[in-house]
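Whenever a hint applies, use it, and build me the whole structure from the sequences.
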Amino acid sequence: MRYGYWMPVFGGWLRNVADENMDASWDYARRLTLDAERWGYDLTLIAELNLNDIKGIEQPALDAWSTAAALAAITERLELMVAVRPNFHHPALFAKAAANIDRISGGRLALNVVSSWWADEARQYGLVFDQHDDRYARTAEWLQVVDGLWTQERFSFAGQFYNTDAAICAPKPVKRPTVYAGGESEAAKTLIARQCDAYVMHGDPVDVVAGKIADMAARRAAAGGPAMQYGMAAYAIVRDSEAEALRELDRITTVGELPAGYANFDQWLSGTQLEREFKLQEYAVSNRGLRPNLVGTPEQLKQRIADYEGAGLDLLLLQMSPQAEEMERFAAQVMAKAPVSAVT
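Mapping of the sequence shown onto the numbering used here: position 169 corresponds to residue 169, and the numbering continues sequentially without gaps.
Hints are computed from structural coordinates only; laboratory data are not their basis. For clarity, every value in this text was computed on a predicted model and none was experimentally measured. All C-beta atoms, glycine included, are put in the ideal place defined by N, C-alpha and C. The reader is advised that the hints may include incorrect statements.
[Unchecked claim] Restricting the straight-line Cα-Cα distance to at most 30 Å, the calculated cross-link-like pairs of lysine-lysine (DSS-like) are:
#, residue 1, residue 2
1, 175, 96
2, 175, 302
3, 96, 172
4, 189, 172
5, 189, 175
[Claimed, not checked] If you anchor each label on the Cβ, the simulated ranges turn out as follows:
#, residue 1, residue 2, range
6, 134, 322, 36 to 42 Å
7, 56, 243, 28 to 34 Å
8, 244, 151, 19 to 25 Å
9, 97, 223, 25 to 31 Å
Spelled out as structure tokens, the structure:
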């Protein structure tokens, strides 16, 4: 298993805890990233939103790509998986800038391609927000342009959304960055199987994740591509006893009056059939992070992680709070001696 962590660009991950002692600042991001390399983490995912979806839109949110460029210059080993939304970045200009960041990092850049979901944010910034399947059609073209500029000396393209005329990208990346993407619609899965290298999922139980991996592996084989990598988001709580871990879980999921970070809750709830009270608690943590149940003692977490490995998962993308303290604990108690396969 590879271990990644979400960069706390929003100042935390808990919608119902105002101050998590992890401010949205360059200083915190820098210190956490240097420590993460020392603790043994493999990757950081840097989310891209201009508005703060966790603490409320009036609160600060770090810019993903300028943060990534700065981290590229000061880190040595960590893979930098940076989210990018095609409707926010012209692909030819993006390919040029991202290639330079990859060069700065020595070949450690990766993309997390997100076909957007927040219509209000795009409207505020005066950007196009396509209908659902059109967003994936745009992304398909966008990836063709970026990949063409990274792999060809000159690249021409004429599409519905983008055009280039013998465009040049030099210098090119050290190596072609890995392209991660997620999505659960038919349009998303078709695109990812054809054009991406890795499939990343929201948190879910092992049997659900195993089914998703099997489905994507079959789609990939049908598309004629090499084997994909598979990652999953999860929120982790590790304590010396299960009772302690459950007390912390109760603390972070107890919701009173809805805080600013719940502004999108009703929009999100409309896409699920689960009951409101359960979803209120689950929404306290982003990306369905509680569903994997990485909550318990080190031994319990090691076994659950081994079960995910047995299902074909390659990468955990972890959220914790407060992040520095909990990431250090997780590295020392879980990562160091995790079993290599599930018990059968």
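Now for the hints, and whether the structure bears them out:
no.: 1; hint: 175 <-> 96; in the structure: holds (14 Å)
no.: 2; hint: 175 <-> 302; in the structure: violated (33 Å)
no.: 3; hint: 96 <-> 172; in the structure: holds (8 Å)
no.: 4; hint: 189 <-> 172; in the structure: holds (28 Å)
no.: 5; hint: 189 <-> 175; in the structure: holds (25 Å)
no.: 6; hint: 134 <-> 322: 36 to 42 Å; in the structure: holds (40 Å)
no.: 7; hint: 56 <-> 243: 28 to 34 Å; in the structure: holds (33 Å)
no.: 8; hint: 244 <-> 151: 19 to 25 Å; in the structure: violated (51 Å)
no.: 9; hint: 97 <-> 223: 25 to 31 Å; in the structure: holds (29 Å)
Violated hints, in rising order: 2 and 8; the structure is consistent with all others.
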